[in-house]
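K.L.:
Protein chains in written order, with my numbering: chain A, 8 to 544; chain B, 30 to 227.
Hints should not be assumed to be uniformly reliable.
[As the list claims (entries may be wrong)] Derived pair list, reagent style DSSO-like, types lysine-lysine, alpha-carbon separation capped at 27 Å:
{"hint": "1", "chain 1": "A", "residue 1": "K539", "chain 2": "B", "residue 2": "K120"}
{"hint": "2", "chain 1": "A", "residue 1": "K541", "chain 2": "B", "residue 2": "K200"}
{"hint": "3", "chain 1": "B", "residue 1": "K120", "chain 2": "A", "residue 2": "K341"}
{"hint": "4", "chain 1": "B", "residue 1": "K200", "chain 2": "A", "residue 2": "K53"}
{"hint": "5", "chain 1": "B", "residue 1": "K150", "chain 2": "A", "residue 2": "K341"}
{"hint": "6", "chain 1": "B", "residue 1": "K201", "chain 2": "A", "residue 2": "K50"}
{"hint": "7", "chain 1": "A", "residue 1": "K539", "chain 2": "B", "residue 2": "K201"}
{"hint": "8", "chain 1": "A", "residue 1": "K214", "chain 2": "A", "residue 2": "K200"}
{"hint": "9", "chain 1": "B", "residue 1": "K201", "chain 2": "A", "residue 2": "K341"}
{"hint": "10", "chain 1": "B", "residue 1": "K201", "chain 2": "A", "residue 2": "K10"}
{"hint": "11", "chain 1": "A", "residue 1": "K541", "chain 2": "B", "residue 2": "K201"}
{"hint": "12", "chain 1": "B", "residue 1": "K201", "chain 2": "A", "residue 2": "K53"}
{"hint": "13", "chain 1": "B", "residue 1": "K150", "chain 2": "A", "residue 2": "K10"}
{"hint": "14", "chain 1": "A", "residue 1": "K537", "chain 2": "B", "residue 2": "K200"}
{"hint": "15", "chain 1": "A", "residue 1": "K341", "chain 2": "B", "residue 2": "K33"}
{"hint": "16", "chain 1": "A", "residue 1": "K537", "chain 2": "B", "residue 2": "K201"}
{"hint": "17", "chain 1": "B", "residue 1": "K200", "chain 2": "A", "residue 2": "K10"}
{"hint": "18", "chain 1": "B", "residue 1": "K33", "chain 2": "A", "residue 2": "K50"}
By construction, these hints were calculated from the structure, which means they are not laboratory data.
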Amino acid sequence: MQKMILLGDEAIAQGAIDAGLSGIYAYPGTPSTEITEYIIASKEAKNNGIVANWTANEKTAVETALGMSYAGKRAMACMKHVGLNVAADPFINSAVTGINGGLIVVSADDPSMHSSQNEQDSRFYGKFALLPILEPSNQQEAYDMVHYGFDLSEKYQIPVLFRITTRLAHSRSGIERKAKRAQNEMTLPGDLKQFVLLPAIARRRYKGLLGLQPQLENESENSGWNQYTDGPDKSLGIIAAGLAYNYLLENFPEGNIPYPVLKIGQYPLPRLWVEKIANECETLLVLEEGMPVIEEMLKGYLGNCLNIKGRLDGTLPRDGELNPNLVAVALGGKMIRGEEVPSLVVPRPPSLCAGCPHTDSYLALNEAMKVYGKGRVFSDIGCYTLAALPPLEAINSCVDMGASITMAKGAADAGLVPAVAVIGDSTFTHSGITGLLDAVISKSPITILILDNSTTGMTGGQPSAATGRIAEICKGIGVEEEHIRILKPLRKNHDENVKIIAEELAYPGVSVVIPTRECVQTLNRRMREKFKNKKTE
Amino acid sequence: MIMKNDIILAGVGGQGILSIAAIIGTAAVSRGLYVKQSEVHGMSQRGGDVQSHLRLSSRPIASDLIPTGAADMIISVEPLEALRYLPWLKKEGWIITNTKPFVNIPNYPPLEEVLATIASKPHHVMIDADEIATEIGSARSANMVILGASTICLDLPFEELEQAIRSVFGKKGEEIVHTNLSALRAGRDFALQHKNQA
Ligand SMILES: Cc1ncc(C[n+]2csc(CCOP(=O)(O)OP(=O)(O)O)c2C)c(N)n1
Ligand code: SF4
Chain A
8 MQKMILLGDE
18 AIAQGAIDAG
28 LSGIYAYPGT
38 PSTEITEYII
48 ASKEAKNNGI
58 VANWTANEKT
68 AVETALGMSY
78 AGKRAMACMK
88 HVGLNVAADP
98 FINSAVTGIN
108 GGLIVVSADD
118 PSMHSSQNEQ
128 DSRFYGKFAL
138 LPILEPSNQQ
148 EAYDMVHYGF
158 DLSEKYQIPV
168 LFRITTRLAH
178 SRSGIERKAK
188 RAQNEMTLPG
198 DLKQFVLLPA
208 IARRRYKGLL
218 GLQPQLENES
228 ENSGWNQYTD
238 GPDKSLGIIA
248 AGLAYNYLLE
258 NFPEGNIPYP
268 VLKIGQYPLP
278 RLWVEKIANE
288 CETLLVLEEG
298 MPVIEEMLKG
308 YLGNCLNIKG
318 RLDGTLPRDG
328 ELNPNLVAVA
338 LGGKMIRGEE
348 VPSLVVPRPP
358 SLCAGCPHTD
368 SYLALNEAMK
378 VYGKGRVFSD
388 IGCYTLAALP
398 PLEAINSCVD
408 MGASITMAKG
418 AADAGLVPAV
428 AVIGDSTFTH
438 SGITGLLDAV
448 ISKSPITILI
458 LDNSTTGMTG
468 GQPSAATGRI
478 AEICKGIGVE
488 EEHIRILKPL
498 RKNHDENVKI
508 IAEELAYPGV
518 SVVIPTRECV
528 QTLNRRMREK
538 FKNKKTE
Chain B
30 MIMKNDIILA
40 GVGGQGILSI
50 AAIIGTAAVS
60 RGLYVKQSEV
70 HGMSQRGGDV
80 QSHLRLSSRP
90 IASDLIPTGA
100 ADMIISVEPL
110 EALRYLPWLK
120 KEGWIITNTK
130 PFVNIPNYPP
140 LEEVLATIAS
150 KPHHVMIDAD
160 EIATEIGSAR
170 SANMVILGAS
180 TICLDLPFEE
190 LEQAIRSVFG
200 KKGEEIVHTN
210 LSALRAGRDF
220 ALQHKNQA
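Chain A on its own, in the form it takes in the complex (with noise of 0.2 Å):
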C-alpha cells in the first residue's frame, strides 16, 4: 500500500477512524487542532457515520466521550494540555468510573511553550489518575498506537491517556495503514450503577483500579512499546521517553549506541525493565520531552545516591523542548552550531490581520479608558491577546480561559472601579459564561466586551458555539437589556463606539458591550469558496 504522508495528529485521526471509532469530541487548542480538523473533513468518517464535534470546551469533550464509552461505542476525546486541566474532573473520575466501549483521551503538549501559556505535562495527569499513558515517537507509532490504546481500554475496561507533544503533532512523515476495524454495535455496561460515583461504589471501583496497576506494568513489559535494547558499555544506561529517542538515534546515525537502551513508549513504567538497566549500568541517563516525570520517579526524594542524570541535575536544561543537539550535549559531545544570528536580526512578533476586527474594538476601548487611566482591563486568550504588544497594549492579563470576567469581578471587590474584562466569543462560551452569572448576582461594576467575530480565530478558524446566540445569552443570565449594547468595529464608527463603551464603563453595575464584525480570515475564506462554488455551478 502506498505511504500516506500525514501530521502526527493526522496519523491519529487516521488511526482512529481505522481502529473502529465511533465519536471525536474536541475543543481546539494548538497543537491538538488538527486530528478533530481530520476527521471532521474525511469522506471515510462521514461514510462510516463517525461523529465529529467541536464540543463548547474540553470538560464537556470528556463527558461526552465518556457517555458514547458507556454506550459501549469507541470514543476519543482531544485537547491541548492545558485543556485537560480543564477536564481534568471528568478525566480523573472516568479512571474510577471505568468504560464500556473504549476511550482514548489526547493531550498535545507543547513544551517551549510555542502556542501556549504554560508547559505542563500530561503524564502526570496519567500517573495521578493511575491510567496508562501512550508516548509515541514518530507518526507510524502514533498510528499504530490508537489500535492498541483502544484494546487497551477494552481488555482492563478503563480509559487511556495519549499523550503528544508539539513535534510530533506538527510533523510529517510516511505512514502505512492498518486493516480496518468495524465499530463497535451499541451496548449498555454490564453493570447498570458502574457509573454512579456514590462513596460506596467508588470505593469498591477505586480498589479495583488500584489492583490494576500490577497488572498495567505488565501490559508495559509486554505490548512492545517499551524496547531494551543492549549495548556493551555498561558505563552508562539511557532511558529515552517518546520524541526523545529520534533525538537519540539522531546522534548515532549508524544505529550504533554503545549504552543499554530503554525505549519509553507506554506506561505505568515497565518496572522489569527499569530495575534492569539500573542495576546493571553506573549511571544512567534520562532523556524525556517536558518535565523530568521518569527521571523524578526513579530519583524520588532520597535518591541523590542513585547516579541519574537528566533536567534534575543540569545536565539537560530543566525546561524546554529537547533537541538532537542538547542530547548530543548530554552525551558528552559538543554543541555543534552554525553562524550565530546577526545582530541586525530583530524579532518579529505576530500581530492583529490587517483590518482585524479587534483592532476596532481596542481603539475604540483604549479611548474610552483614558479617563481612568491604564491597569483595569483584564483579557483572556485569542487573537485578542495579542494586543497586549504594541501598538494597542491594551491589555493587563491573559491567564486562563474565562478568567478575565472573574479577575474583572475580583479587582471590582477590591475597589477597582470600573474594571474591564475583554473576552473573545468561543472563550466566553468555553469559559466565561459561569463567571458572568457570579458578577451578575454580585451585581459588581464591571464591563465586558465579548468581540464577536464569529469565529475561534487563534486555532484557525473553528466554529464559534457563541455564534448568534451572545446576546441572549447574556439576558438569560441576567445581564439588564438596556446594558447590553451591541456595537460594529469599524474605522469608521470609532466615535459612537467610544461613546457607547464611555457610557457602560460609567455605569455602576453589570453591563456588557458586543463588538460584533466576522474576522477577516474566515471572511475571505468564505468568499473564495462561494466564488469557487459559482464558477462550477
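Following the hints, complete the assembly by docking chain B with the ligands onto the known chain A.
P.N.:
Just chain B with the ligands now, with coordinates in the frame of chain A:
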C-alpha cells in the same frame, strides 16, 4: 550512496512556505526517499516569523528537527528571515533567498545591510522572486521561483519537481500548473546564472 538533504524553510506567516515543502516532499516520496517535515501552526502564523524543517534521506530519519550546524540549505522567501536561521546552517551550506523584504515591523533593519550580510556568506543565491514572478505574469508564484532557484542544490531531478507541481496543483487546473512550472524554470535559470560560490 547515502542521499540526505536537510532544509530549513523560512518566511513570514502567510507567505506560503508550506507549499514549497509540499512540492519537495511529494517529489522526494515519489523517488522512494524518506521524508520528515515539521511545520509551525498556531500563534506564530499571524504575521510572525515561521520556519519548517524539511528532511529528505535515503535512510530512515530519526529526528523531526534538524540539529543546529547541520542544515544543507536555508530556503527563504524573505531576506531578513534567511538570516534568522544561520545557527542551523552548516559551514558549506547554501542560502537561497528572496531579496524582496516583507516589512510588517517598525524596526525592520536597512535592507542594504540585510542583503550585504547575506552576500557575505560563501554560498548563496539571491533572487528578486517577486519581480521574476511578475515578469512571467504570475505575481503570486514567487514561492515557486524560489523553489526553482533552490533546485540547483537539491539532490532531486528537476523533472521530479515538475511532476510534483503537476500533482500538487493539478486539481486547480492546467493554467495554474503552467504558471507554476514557468516560475519554477525561471527560478532555476536565474540561479544557474547568478549562484555565488566564493
Ligand atoms: C483550556 C484551553 N483550551 C484551548 C486553548 C487554545 N485556545 C487559545 S485561544 C483559543 C480560541 C479563542 O477564540 P475566541 O475566544 O473566539 O477568540 P479569537 O481568537 O477568535 O479572537 C483557543 C481555542 C487554551 N489556550 N486553553
Ligand atoms: S485571524 Fe481573524 S480574529 Fe485573528 S487576528 Fe486575524 S482577523 Fe483577527
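K.L.:
Of all the hints numbered above, which does this structure not satisfy? Sort the numbers upward.
P.N.:
1, 9, 13 and 18
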